[in-house]
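Enquirer: Here's the letter readout for the chains.
Number of protein chains: 2
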Amino acid sequence: MKKPVFYHAGCSVCVSAEHDIINLIGAENVEIVHLGNDRSQIAIAENAGVKSVPALVTPNGNVLHINFGASMEDVKK
Amino acid sequence: MKKPVFYHAGCSVCVSAEHDIINLIGAENVEIVHLGNDRSQIAIAENAGVKSVPALVTPNGNVLHINFGASMEDVKK
Numbered sequence: 292m293k294k295p296v297f298y299h300a301g302c303s304v305c306v307s308a309e310h311d312i313i314n315l316i317g318a319e320n321v322e323i324v325h326l327g328n329d330r331s332q333i334a335i336a337e338n339a340g341v342k343s344v345p346a347l348v349t350p351n352g353n354v355l356h357i358n359f360g361a362s363m364e365d366v367k368k
Numbered sequence: 292m293k294k295p296v297f298y299h300a301g302c303s304v305c306v307s308a309e310h311d312i313i314n315l316i317g318a319e320n321v322e323i324v325h326l327g328n329d330r331s332q333i334a335i336a337e338n339a340g341v342k343s344v345p346a347l348v349t350p351n352g353n354v355l356h357i358n359f360g361a362s363m364e365d366v367k368k
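First to last, the sequence lines map onto chains A and B.
Residue numbering for the first sequence follows the numbering used here, beginning at 292 and increasing consecutively.
Residue numbering for the second sequence follows the numbering used here, beginning at 292 and increasing consecutively.
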């Protein structure tokens, strides 16, 4: 099965949510993408519907925006 | 271990997120509370830090606000 993808950008809200998601789902069951470190993924995340980080894209393509760390516009700066 | 609690109020955003969370975590691993049906839980959710629904309160007490369905003020109406 395709894994959910957790997008974040290293902000404190992101890191806290990342820990929570890993605790809930298990580190082996989620792919973590750091958009600050891997900027080529920004367009992919936007195409998936990610408006802000942290966000979790489920295997069926739904986007769960979790709390609010930063907008994608901020991530691009 | 204490289970995470998913609070919702029956709105379409809530129901969609509920399905996603159950798919990700497993129905047996999360307690679902419908604040519209069980209004005595509204104060408990607010005390836990829930500002809007849908929201997931993790076993360690963090609140993950997922997307945005309705504010707690709307839930009380």
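If you're looking for bench data, these hints aren't it; they were derived computationally from the structure.
Every residue, glycine too, gets a C-beta built ideally from N, C-alpha and C.
One should not assume that every hint holds.
Interface residues of chain A toward chain B, partial, derived using beta-carbon atoms under 10 Å [as the list claims (entries may be wrong)]:
hint, residue
1, Asn314
2, Leu315
3, Ile316
4, Val321
5, Ile323
6, Val324
7, Asn328
8, Ser331
9, Pro350
10, Asn351
11, Leu355
12, Ile357
13, Asn358
14, Phe359
15, Ser362
16, Met363
Between beta-carbon pairs, the in silico distance windows are [said to hold, decoys possible]:
hint, chain 1, residue 1, chain 2, residue 2, range
17, A, Pro350, B, Ala334, 27 to 37 Å
18, A, Arg330, B, Arg330, 38 to 48 Å
19, B, Gly340, A, Asn320, 19 to 29 Å
20, A, Ser331, B, Gly327, 25 to 35 Å
21, A, Ser331, B, Ile335, 24 to 34 Å
22, A, Lys367, B, Gly317, 27 to 37 Å
23, B, His310, A, Lys342, 14 to 24 Å
24, B, Asn314, A, Val306, 16 to 26 Å
25, B, His310, A, Ile313, 18 to 28 Å
26, B, Asn351, A, Ile323, 27 to 37 Å
27, B, Ser331, A, Lys368, 37 to 47 Å
28, B, Ile323, A, Asn320, 12 to 22 Å
Enquirer: Please name the hints from earlier in the document that this structure breaks, with their numbers sorted from lowest to highest.
Expert: 5, 6, 7, 8, 15, 16, 20, 21 and 26
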